[in-house]
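Chains as they are written, first to last, in the numbering used here: chain A, 1 to 99; chain P, 100 to 198; chain R, 199 to 297; chain G, 298 to 396; chain F, 397 to 495.
Worth double-checking, as some hints may not be accurate.
Straight line, CA to CA, 20 angstroms or less: simulated EDC-like cross-link-like pairs of lysine to aspartate or glutamate [to be verified]:
1) F:K419 - G:E314
2) A:K23 - P:D186
3) G:K320 - G:D367
4) G:K365 - P:E151
5) G:K320 - F:D478
6) G:K388 - P:E151
7) A:K23 - A:D87
8) A:K68 - P:D168
9) G:K389 - P:D135
10) R:K290 - F:D434
11) G:K389 - P:D168
12) A:K23 - A:D70
13) F:K419 - F:D465
14) G:K320 - P:E116
15) P:K167 - A:D87
16) F:K410 - R:E283
17) P:K113 - G:E382
18) A:K23 - P:D169
19) F:K464 - G:E349
20) A:K14 - P:E151
21) F:K410 - R:E250
22) G:K311 - F:E481
23) R:K290 - F:D432
24) R:K290 - F:E448
25) A:K68 - A:D36
26) F:K487 - G:E349
27) P:K167 - A:D69
28) R:K212 - A:E85
29) R:K221 - F:E413
30) G:K388 - G:D333
31) F:K464 - G:E314
32) R:K221 - A:D87
33) G:K365 - P:E116
34) F:K419 - R:E283
35) F:K488 - G:D333
36) F:K488 - G:D335
37) P:K167 - G:E314
38) R:K266 - A:D69
39) P:K122 - G:E382
40) P:K191 - A:D36
Because the hints were derived from the structure by calculation, they are not lab data.
Owing to the predicted nature of the structure, the values given are computational and were not obtained by experimental measurement.
These are the residues of each chain, in order.
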Amino acid sequence: MIICQVIGHVWATKKEETLSGLKLMVVKEVETNKTDGDTFVAADVVGAGVGERVLVVSGSTARRALGKDDIAIDSAIVGIIDTLEVDRELKKLSEKQVK
Amino acid sequence: MIICQVIGHVWATKKEETLSGLKLMVVKEVETNKTDGDTFVAADVVGAGVGERVLVVSGSTARRALGKDDIAIDSAIVGIIDTLEVDRELKKLSEKQVK
Amino acid sequence: MIICQVIGHVWATKKEETLSGLKLMVVKEVETNKTDGDTFVAADVVGAGVGERVLVVSGSTARRALGKDDIAIDSAIVGIIDTLEVDRELKKLSEKQVK
Amino acid sequence: MIICQVIGHVWATKKEETLSGLKLMVVKEVETNKTDGDTFVAADVVGAGVGERVLVVSGSTARRALGKDDIAIDSAIVGIIDTLEVDRELKKLSEKQVK
Amino acid sequence: MIICQVIGHVWATKKEETLSGLKLMVVKEVETNKTDGDTFVAADVVGAGVGERVLVVSGSTARRALGKDDIAIDSAIVGIIDTLEVDRELKKLSEKQVK
Numbered sequence: 001m002i003i004c005q006v007i008g009h010v011w012a013t014k015k016e017e018t019l020s021g022l023k024l025m026v027v028k029e030v031e032t033n034k035t036d037g038d039t040f041v042a043a044d045v046v047g048a049g050v051g052e053r054v055l056v057v058s059g060s061t062a063r064r065a066l067g068k069d070d071i072a073i074d075s076a077i078v079g080i081i082d083t084l085e086v087d088r089e090l091k092k093l094s095e096k097q098v099k
Numbered sequence: 100m101i102i103c104q105v106i107g108h109v110w111a112t113k114k115e116e117t118l119s120g121l122k123l124m125v126v127k128e129v130e131t132n133k134t135d136g137d138t139f140v141a142a143d144v145v146g147a148g149v150g151e152r153v154l155v156v157s158g159s160t161a162r163r164a165l166g167k168d169d170i171a172i173d174s175a176i177v178g179i180i181d182t183l184e185v186d187r188e189l190k191k192l193s194e195k196q197v198k
Numbered sequence: 199m200i201i202c203q204v205i206g207h208v209w210a211t212k213k214e215e216t217l218s219g220l221k222l223m224v225v226k227e228v229e230t231n232k233t234d235g236d237t238f239v240a241a242d243v244v245g246a247g248v249g250e251r252v253l254v255v256s257g258s259t260a261r262r263a264l265g266k267d268d269i270a271i272d273s274a275i276v277g278i279i280d281t282l283e284v285d286r287e288l289k290k291l292s293e294k295q296v297k
Numbered sequence: 298m299i300i301c302q303v304i305g306h307v308w309a310t311k312k313e314e315t316l317s318g319l320k321l322m323v324v325k326e327v328e329t330n331k332t333d334g335d336t337f338v339a340a341d342v343v344g345a346g347v348g349e350r351v352l353v354v355s356g357s358t359a360r361r362a363l364g365k366d367d368i369a370i371d372s373a374i375v376g377i378i379d380t381l382e383v384d385r386e387l388k389k390l391s392e393k394q395v396k
Numbered sequence: 397m398i399i400c401q402v403i404g405h406v407w408a409t410k411k412e413e414t415l416s417g418l419k420l421m422v423v424k425e426v427e428t429n430k431t432d433g434d435t436f437v438a439a440d441v442v443g444a445g446v447g448e449r450v451l452v453v454s455g456s457t458a459r460r461a462l463g464k465d466d467i468a469i470d471s472a473i474v475g476i477i478d479t480l481e482v483d484r485e486l487k488k489l490s491e492k493q494v495k
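Only chain A is shown next, with the shape it has when bound in the complex (with noise of 0.2 angstroms):
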């Protein structure tokens, strides 16, 4: 699972019918280390808001969290963060173990 945050929503008329009713949320990943994260389109199964952070499951798991698996899904939000805590000494710790 990857932490985003929602950004924004996308709308599509003409779409596979199995889309039809799912809510499609723009989400940026976030707490990457890349100079940037990506952005991309996920399936709302919680009721996420535009600006809260949450977790993203992607591939086949994306299609199990929306219950069916013959739904043209590859990327689903399943949870909206409460509490994210790090260590951020481990954290910098690991970069250093990085070569």
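Got chain A sorted already, so can you dock chains P, R, G and F onto it with the hints?
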């Protein structure tokens, strides 16, 4: 799902037989934060045209979008984007969170 | 499997129901050659603690590690590393092979 | 599907038994926007030759292309490209959209 | 399949039970075009030794290579490379095609 723009077509006479009759389009990732988006090939199931912005799914989900599991496709266009509404402030904010 | 270090915890009250009761930990990739390893969230099935180096699996394999296929998890901690024995000469040698 | 060029062959005497009899080719990603495309190994099911541009599928889809699910293959050449028609203006335009 | 070199071993006493008895090796991607190849852990099914160049599969295919689907493995060594024959001219040519 990632956000792409359709930029062309590809033709292959010699191909795995399950690909027969599929419309294969060249797409390019947009709304990404890489220096430049990836270019790849996706099967179209929604009648997308060159120039349109589309939603693209990957992996086993692409086979679900095409409605059969034994097809040699790992990328599919599943929606044509009407509106993409992104909070640019949040986008920048989350960029600052990234270190 | 990738080599990570556990660096924290994450809590989410509103979440997809299959995630209830799972211990979700923040992990960071180490022993990678990127400028800095990725940070993401994995379900723990081996009782790992913050600071430990662990083996992490992704995708459909993470669901296998949790013993059920309908769970909304795409990353799991499956082992706590006792010893990591790497031939540093070979490591450098293979770096030279890369062009 | 990604666009690759066949650049060589690989031979392995000691191998997992499901790989016996497969033609394994070295391919290199082209039409990408990275500094340089990835080089990897794919099983060929369409009779591709060194120098040809091909379509390559990955993951579980590669096993579908080979027609059996229990094979130890995660990458397969599924088409030989005759024509690749890309709107270079659009390509550049979408590059500008990327920030 | 990617081309790697075996560079070490990893031991884990506390691990998910399906990993018992597996030989886990540290491998490093070679013949890539990144500044440096990734280092990760793969289960060995062909008796590879440290220093050898091997073929590595990922994802659900790794479980196929191990012959059972319920195993917590997402990366497996499936062949020991005897000969790798790459057309270096083509390799450079395709580098020029990449923009």
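Cross-check of the supplied hints:
The hinted pair formed by F:K419 and G:E314 meets the criterion: a straight-line CA distance of about 18 angstroms does not exceed 20 angstroms. A hinted pair counts as satisfied when its Cα atoms are at most 20 angstroms apart, and A:K23 with P:D186 qualifies at roughly 17 angstroms. With a C-alpha separation of about 17 angstroms, the suggested pair G:K320 and G:D367 falls inside the 20 angstroms cut-off, and the hint holds. Under the criterion of a C-alpha separation no larger than 20 angstroms, the hint pairing G:K365 with P:E151 is inconsistent with the structure, at around 36 angstroms.
For the given pair, G:K320 sits about 14 angstroms from F:D478 by alpha-carbon distance, which is consistent with the 20 angstroms threshold. Between G:K388 and P:E151, the direct Cα distance comes to roughly 12 angstroms. Compliance with the 20 angstroms bound is thereby established for this hinted pair. Distance restraint check for A:K23 and A:D87: the Cα-Cα separation of roughly 34 angstroms exceeds the 20 angstroms cut-off, and the hinted pair is therefore not satisfied. Between A:K68 and P:D168 the alpha-carbon distance is near 15 angstroms, which keeps this suggested pair within the 20 angstroms criterion.
Of the supplied pair hints, the one linking G:K389 and P:D135 holds, its CA atoms being roughly 10 angstroms apart against a limit of 20 angstroms. Simply put, R:K290 and F:D434 have alpha-carbon atoms about 12 angstroms apart, close enough for the 20 angstroms limit, and the pair holds. Distance check on the hinted pair: G:K389 and P:D168 sit about 35 angstroms apart at the alpha-carbon level, beyond 20 angstroms; violated. Of the supplied pair hints, the one linking A:K23 and A:D70 holds, its CA atoms being roughly 17 angstroms apart against a limit of 20 angstroms.
At most 20 angstroms may separate the alpha-carbon atoms for a hinted pair to count; F:K419 and F:D465 meet this at roughly 17 angstroms. For the hint pairing G:K320 with P:E116, the CA-to-CA distance comes to about 18 angstroms; that is within 20 angstroms, so the pair holds. The suggested pairing of P:K167 with A:D87 is violated, with an alpha-carbon distance near 46 angstroms, which exceeds 20 angstroms. For the given pair, F:K410 sits about 17 angstroms from R:E283 by alpha-carbon distance, which is consistent with the 20 angstroms threshold.
Proximity of P:K113 to G:E382 is assessed by CA-CA distance (about 17 angstroms); at most 20 angstroms being required, the pair is judged to hold. About 29 angstroms separates the Cα atoms of A:K23 and P:D169, which puts this hinted pair outside 20 angstroms; it is violated. Pair hint F:K464 plus G:E349 does not hold up; C-alpha atoms about 36 angstroms apart against a cutoff of 20 angstroms. With a CA separation close to 12 angstroms, the supplied pair A:K14 and P:E151 stays within the 20 angstroms bound.
For the proposed pair F:K410 and R:E250, the alpha carbon gap of about 12 angstroms is at most 20 angstroms, so the pair holds. Taking the CA atoms of G:K311 and F:E481, the gap is about 17 angstroms. The hint holds against a cut of 20 angstroms. Proposed proximity of R:K290 and F:D432 is supported: the alpha carbons are some 10 angstroms apart, at most 20 angstroms. For the proposed pair R:K290 and F:E448, the alpha carbon gap of about 14 angstroms is at most 20 angstroms, so the pair holds.
Taking the CA atoms of A:K68 and A:D36, the gap is about 33 angstroms. The hint is violated against a cut of 20 angstroms. Restraint check: the Cα-Cα separation between F:K487 and G:E349 comes to about 12 angstroms, which is no more than 20 angstroms; the hinted pair holds. Under the criterion of a C-alpha separation no larger than 20 angstroms, the hint pairing P:K167 with A:D69 is consistent with the structure, at around 12 angstroms. Between R:K212 and A:E85 the alpha-carbon distance is near 17 angstroms, which keeps this suggested pair within the 20 angstroms criterion.
For the hint linking R:K221 to F:E413, the alpha-carbon distance of about 18 angstroms falls within 20 angstroms, and the restraint holds. In summary, the hint linking G:K388 to G:D333 is supported, as the alpha carbons are separated by about 18 angstroms, within the 20 angstroms threshold. A hinted pair counts as satisfied when its Cα atoms are at most 20 angstroms apart, and F:K464 with G:E314 qualifies at roughly 15 angstroms. In summary, the hint linking R:K221 to A:D87 is supported, as the alpha carbons are separated by about 17 angstroms, within the 20 angstroms threshold.
This hinted pair checks out: G:K365 and P:E116 have alpha carbons roughly 15 angstroms apart, not beyond 20 angstroms. Proposed proximity of F:K419 and R:E283 is supported: the alpha carbons are some 13 angstroms apart, at most 20 angstroms. Note on F:K488 and G:D333: the hinted pairing holds, with a Cα-Cα distance of about 10 angstroms set against a maximum of 20 angstroms. Proposed proximity of F:K488 and G:D335 is supported: the alpha carbons are some 12 angstroms apart, at most 20 angstroms.
Of the pairs offered as hints, the one joining P:K167 and G:E314 is violated, with about 28 angstroms between alpha carbons and a cut-off of 20 angstroms exceeded. Under the criterion of a C-alpha separation no larger than 20 angstroms, the hint pairing R:K266 with A:D69 is consistent with the structure, at around 15 angstroms. For a cut-off of 20 angstroms, the pair hint linking P:K122 to G:E382 stands: about 13 angstroms separates their Cα positions. For the hint pairing P:K191 with A:D36, the CA-to-CA distance comes to about 10 angstroms; that is within 20 angstroms, so the pair holds.
The structure shown violates the earlier hints numbered 4, 7, 11, 15, 18, 19, 25, 37.
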